[in-house]
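Protein chains in written order, with the numbering used here: chain U, -10 to 333; chain E, -10 to 333; chain Z, -10 to 333; chain X, -10 to 333.
Bear in mind the hints are in silico, worked out from the structure with no lab data behind them.
Beta carbons: idealized from backbone N, C-alpha and C, even for Gly.
There's no promise every hint is true.
Interface residues of chain X toward chain E, partial, derived using beta-carbon atoms under 8 Å [said to hold, decoys possible]:
| id | residue |
| --- | --- |
| 1 | G29 |
| 2 | V160 |
| 3 | R229 |
| 4 | F231 |
Here are the in silico distance ranges between beta carbons for each label pair [said to hold, decoys possible]:
| id | chain 1 | residue 1 | chain 2 | residue 2 | range |
| --- | --- | --- | --- | --- | --- |
| 5 | Z | G82 | U | T(-1) | 26 to 32 Å |
| 6 | U | E16 | E | T294 | 17 to 23 Å |
| 7 | U | D291 | E | E11 | 18 to 24 Å |
| 8 | U | S1 | Z | S165 | 34 to 40 Å |
| 9 | Z | F128 | X | E133 | 35 to 41 Å |
| 10 | X | T293 | E | T294 | 23 to 29 Å |
| 11 | Z | D68 | U | S1 | 22 to 28 Å |
| 12 | X | V52 | U | Q97 | 34 to 40 Å |
| 13 | U | P67 | E | G76 | 42 to 48 Å |
Negatives, chain U to chain E, calculated, CB over 10 Å [unchecked claim]:
| id | residue |
| --- | --- |
| 14 | G76 |
| 15 | V77 |
| 16 | G82 |
| 17 | Q97 |
| 18 | S124 |
| 19 | G144 |
| 20 | Q184 |
What follows is the residue order along each chain.
Protein chains: 4
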Amino acid sequence: MVIVMSPQATASDLATIVALVETAGGEAFVSRGMSRTVVGLVGDLDQFGTLNLGAMRGVAQVVRISVPYKLISRQSHPDRSIVRVGGVSIGPGTTTLIAGPCAVETPQQTLRAAQMARAAGATLLRGGAFKPRTSPYAFQGLGEAGLKILADVRGETGLPVVTEVVDAHDVELVASYADMLQIGTRNAQNFALLQAVGDAGKPVMLKRGMSGTIEEWLMAAEYVAQRGNLDIVLCERGIRTFETATRNTLDIAAVPIVQRLSHLPVIVDPSHSGGRRDLVLPLTRAALAVGADGVIIDVHPDPTTALCDGPQALVHEDMEELGAVMRGKSLWQGQVLDGFVPSQ
Amino acid sequence: MVIVMSPQATASDLATIVALVETAGGEAFVSRGMSRTVVGLVGDLDQFGTLNLGAMRGVAQVVRISVPYKLISRQSHPDRSIVRVGGVSIGPGTTTLIAGPCAVETPQQTLRAAQMARAAGATLLRGGAFKPRTSPYAFQGLGEAGLKILADVRGETGLPVVTEVVDAHDVELVASYADMLQIGTRNAQNFALLQAVGDAGKPVMLKRGMSGTIEEWLMAAEYVAQRGNLDIVLCERGIRTFETATRNTLDIAAVPIVQRLSHLPVIVDPSHSGGRRDLVLPLTRAALAVGADGVIIDVHPDPTTALCDGPQALVHEDMEELGAVMRGKSLWQGQVLDGFVPSQ
Amino acid sequence: MVIVMSPQATASDLATIVALVETAGGEAFVSRGMSRTVVGLVGDLDQFGTLNLGAMRGVAQVVRISVPYKLISRQSHPDRSIVRVGGVSIGPGTTTLIAGPCAVETPQQTLRAAQMARAAGATLLRGGAFKPRTSPYAFQGLGEAGLKILADVRGETGLPVVTEVVDAHDVELVASYADMLQIGTRNAQNFALLQAVGDAGKPVMLKRGMSGTIEEWLMAAEYVAQRGNLDIVLCERGIRTFETATRNTLDIAAVPIVQRLSHLPVIVDPSHSGGRRDLVLPLTRAALAVGADGVIIDVHPDPTTALCDGPQALVHEDMEELGAVMRGKSLWQGQVLDGFVPSQ
Amino acid sequence: MVIVMSPQATASDLATIVALVETAGGEAFVSRGMSRTVVGLVGDLDQFGTLNLGAMRGVAQVVRISVPYKLISRQSHPDRSIVRVGGVSIGPGTTTLIAGPCAVETPQQTLRAAQMARAAGATLLRGGAFKPRTSPYAFQGLGEAGLKILADVRGETGLPVVTEVVDAHDVELVASYADMLQIGTRNAQNFALLQAVGDAGKPVMLKRGMSGTIEEWLMAAEYVAQRGNLDIVLCERGIRTFETATRNTLDIAAVPIVQRLSHLPVIVDPSHSGGRRDLVLPLTRAALAVGADGVIIDVHPDPTTALCDGPQALVHEDMEELGAVMRGKSLWQGQVLDGFVPSQ
């Protein structure tokens, strides 16, 4: 940590800071510059944090030097991790396709979507039983009935299940059915929920907050890890920006950035980020090319009947190409997909 | 709702849309323009929503016309509402000051802060017992012990209590102590929590999500209202933007905008938005001038010891001026406050 | 400036940095922390800038300490400045109303708008002869003919003229007619234009870039000042954010922030920021309450015929209230303006 | 265009709108919905635009249906275009590497950088002679001397030259040396400059504004095209968001989105977007995988001496891998690049 004194700081102000730091067990190194005086602190960062140095008279700026996360950082764990979900690996050495319907609507719809997913090479099934909807009047999901459907479909297809949990109260229930618990973007800083899934003993998929910084995302993972659960997969799903052409702006650079900061696997959601079916495959190619450990994709057997997010779902006709992309056979995209007329 | 067909849409595409709308019990009015065909829909918006028209062949754009919230809208309730909290009114006809420490740390600190607040004219005490912290290693609040302190201080000062609840599981506990339940910005779309406070039978203060649109904010209020609880006060606390000079960017225009859309009272948080003590009073003046129904402000008897957000707390010396501002005696600010040297 | 070494930095890396700094004539103070080594630099910031220290092996972070602007900073000029425009003062001690039509369309429209402005207490007339339009097919302004109209109207009303110049090539022409040259938000980093108006010998109004940070805005002012022209008024006009309820988000906190950083006057544009007629007076009150040195407002005698930005213009019926607000007689706004039905 | 009337609109308000539209030569189709009345307009959009319908009494919302650009749209020109620069093609069928130093500093540095570029497979050389710097105290470029150096290096290497022009006044000069004129992000809405390069008879590279929407970017291209110059290449270089981990957030989805809306080629700048050397190759892979027509990359023989943007430049050791990526031999990136320690 480094403290920058303001130009008007007095010798007494400086002495107060130094004394405070030393009382807290640290050391203060004073550098008197031409325009500013700077104090370098050596000692326990957590202790300095409680001193609230920024509020002290004469202090212009406090610059933190270390990263605030530990368990999930690559400094503490230099090799990148593999997370296993129901026997399926996510991480270095594999590229994982997670696919399925955005919402579990009926057993037939979910089964057909799972079959589509498997045909494209998916090794994990996603499906929402609890849907966070911006409107209280919209379909909220089938709840436990939806979890049962997912379990049945797992039985039929062999695909382990990833599903969202929206309330700490439901964690035990969801964990009894699912192989991996998903935390949605709107709960990215629901710390009670993060702690609850940390305690649940199941792998966790942590979506980035729609306006979460990379650091906040990693701190959310640290909340989970702090409970002893390091089986965390991070999912970049686009961030909120001024651009309205897409639902969110996929922050493709987040993948390599986070892979350098954390040992956890990082996947991409090309469905919710772009929000358009015609962008899913291009963004999937980009995700794989940039080094993502996998992608999570919406598929639906009949999107015109979908109860949520229909416009972004991939359909039967897309499965062959998706499979080719996942196997690295269709990474080079020199052509624009002309067949599909985009909405808006 | 209006559907815009794409230029490549065929007559068959159009016929399909019209048939679908009519099957859903609505009427479709087709306008053939020079460059586009547009279909106006008349009927039940909720039913059209489930049709997923945006995914249908030939559809370029779906434009929604009505607002999606009802109970909290001014259309349904033309007069602006007054919400009563422990006997204190918030709404048209009054300007309410809610003040107190960001976090409840000790009984003495909380009592002194409450006395500061009252001296400035506060009629409600705020204080955090459950603190949502971005880092799992930071002080998370005293929990129930903090609630007890707040209740004791209420007893001594007569100030009803506003405090944050972070988990649906804690709603009952917090409601047994507090006069008003606060939902923080990071839980602005924690729908389970919104429903729980909607059921709790206490007034609710709903902070805008740090990257929440006004519409999402109002839909969050609708979640609460839908449970039968219309005692909701909306709090604008700044939004996340590219500007790093402040923690958040106070969206001052949100106050009049929301007051036109909803009958609920709207207050402003000049402490967490600006994040700097020297901005609190200027932003308070702006808030009152623009018509906010009140403000909620951090005060601390000794910010150098504060366990969170020390740099933004107002101190003893500020109370007199705060009181003058609240009474409308110091609204005209032609001078720049020169005494305080801002951090950064 | 402070350099933070990365954990993997070697002793050789550190020695290289120290040698480089000393060669550049500076001093390097090394602090070896528990997790990081930090080097404080003392010397000429401009020289350190050219060293490109951030690219050197072992360097994790470079933290700049001083502010990069000088001439316009309050450190160099502690008292706030008054800028005079055609005899009218803008700055501490006065609150200036600048008003007029967004675009100069006809002599009658401009004269009537100027009369409206003066009736409300305006001391300066604004009007666009050169309009930057996002579409090349939209009305681009009357050019020199528009400047002539403005000059005629100045003759009739006595109001000095503020008008936008969009191209360095036109600066001389515009300066021959106008009393103050305005740089629009889209040219906030058009450095050639900034230098040209710096040379023009007329006061300058510098609008903040729609996505410009406060620092970039101040550096743009420094471009002008560096040419010897310190007669600069800064205008906050809203920034681009994710919120679509308004054209821009008025950053009201920018006013006090900038007034602490720079001695230049700071005004607010409540017309282009909110983009709605019903927000103009509320935002004007907020601007004055927060301490702005003035406001610049769109008025139009008949907005239904306006060639640009009609929905935000104030009309005849608003002038009386505007005048009251400017005189401090209507600052307290406890009521919501119910008469006007907002668009959207 | 569709007009949505507000709930309080009267029959007289509606009649006024209809009359206005008919007077302008259009047709108005009125649909009376359950909650709103909607008027569909058929006729000349440009004429409706001047009517300023949004300001009329009773109008709640005006929805525009057509896209405002024509010459550059795919509707007007269904096949994607190839733009030729000094004999080199950019567009469908080729993937173009444009590389060189961010700023032209010395003849040797520029020649060495050009040789590095060519070794990696570049067919065009970029280099800045006129540098837009946020600070007036920073190196602004060598001007015409820089153009001469670029011309000499073209002579030696055979690489045609792309260079930025910052002022309309310099267009003729720059066009006399360069093969392609670049418009930088800060001039994305410098309409005078856009028109000047439109007239210059040379191909244009148009960088997206750092906070420009896709539509504004396309309208900027329309400004150029309207002068008769359709040799335009669009360059996505990242947009400004709340995330501070990178200089800008690369909007990778913009590539396929724009390729569907416009026939112009679209390239990506992975250097200025990520702002970090260790992100350049990952982002290049992502750009090629998503279908970009090319990339433009900073290279420098010795970044520690670079006068601008040193931290993002690729160096000698990167050229082999860059070449492999461009030839499609290294698109699959399953590993994280561990060798480089990122700054910050």
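Structure-based check of all given hints:
Against a cut-off of 8 Å between C-beta atoms, the interface hint on X:G29 holds, since the closest Cβ of chain E lies about 4 Å away. Evaluation of the X:V160 hint against chain E yields a violated restraint, the C-beta minimum of about 31 Å exceeding 8 Å. Hint status for X:R229: holds, given a least beta-carbon distance of 5 Å to chain E, under 8 Å. Hint status for X:F231: holds, given a least beta-carbon distance of 5 Å to chain E, under 8 Å.
At about 31 Å, the CB distance of Z:G82 to U:T(-1) agrees with the hint of 26 to 32 Å. Roughly 22 Å separates the CB atoms of U:E16 and E:T294, a value that falls within the hinted 17 to 23 Å. The beta-carbon spacing between U:D291 and E:E11, approximately 20 Å, falls within the hinted interval of 18 to 24 Å. Taking the beta carbon of each, U:S1 and Z:S165 are about 57 Å apart, not inside 34 to 40 Å as hinted.
Separated by about 37 Å at the C-beta atoms, Z:F128 and X:E133 satisfy the suggested range of 35 to 41 Å. Hint check: X:T293 to E:T294, Cβ distance near 45 Å, so the stated range 23 to 29 Å is violated. Range check, Z:D68 to U:S1: Cβ separation about 26 Å, and the 22 to 28 Å hint holds. Checked against the hint of 34 to 40 Å, the C-beta distance between X:V52 and U:Q97 comes to roughly 38 Å, which is consistent with it.
Under the hint 42 to 48 Å, the C-beta atoms of U:P67 and E:G76, about 60 Å apart, miss the expected range. Against chain E, the non-interface label of U:G76 holds: every CB pair exceeds 10 Å, the least being about 30 Å. In this structure U:V77 is separated from chain E by more than 10 Å, as the shortest Cβ-Cβ distance comes to about 28 Å. Distance to chain E confirms U:G82 as a non-interface residue, since its nearest Cβ pair spans about 30 Å, more than 10 Å.
A cut-off of 10 Å between C-beta atoms confirms that U:Q97 is not in contact with chain E; the least separation is 18 Å. A cut-off of 10 Å between C-beta atoms contradicts the statement that U:S124 is not in contact with chain E; the least separation is 5 Å. Every C-beta of chain E lies more than 10 Å from that of U:G144, the closest at about 29 Å, which supports listing it as non-interface. Its beta-carbon lying about 8 Å from the closest one in chain E, U:Q184 breaks the requirement of being farther than 10 Å from that chain.
When the structure is compared with the earlier hints, violations turn up for hints 2, 8, 10, 13, 18, 20 and for no others.
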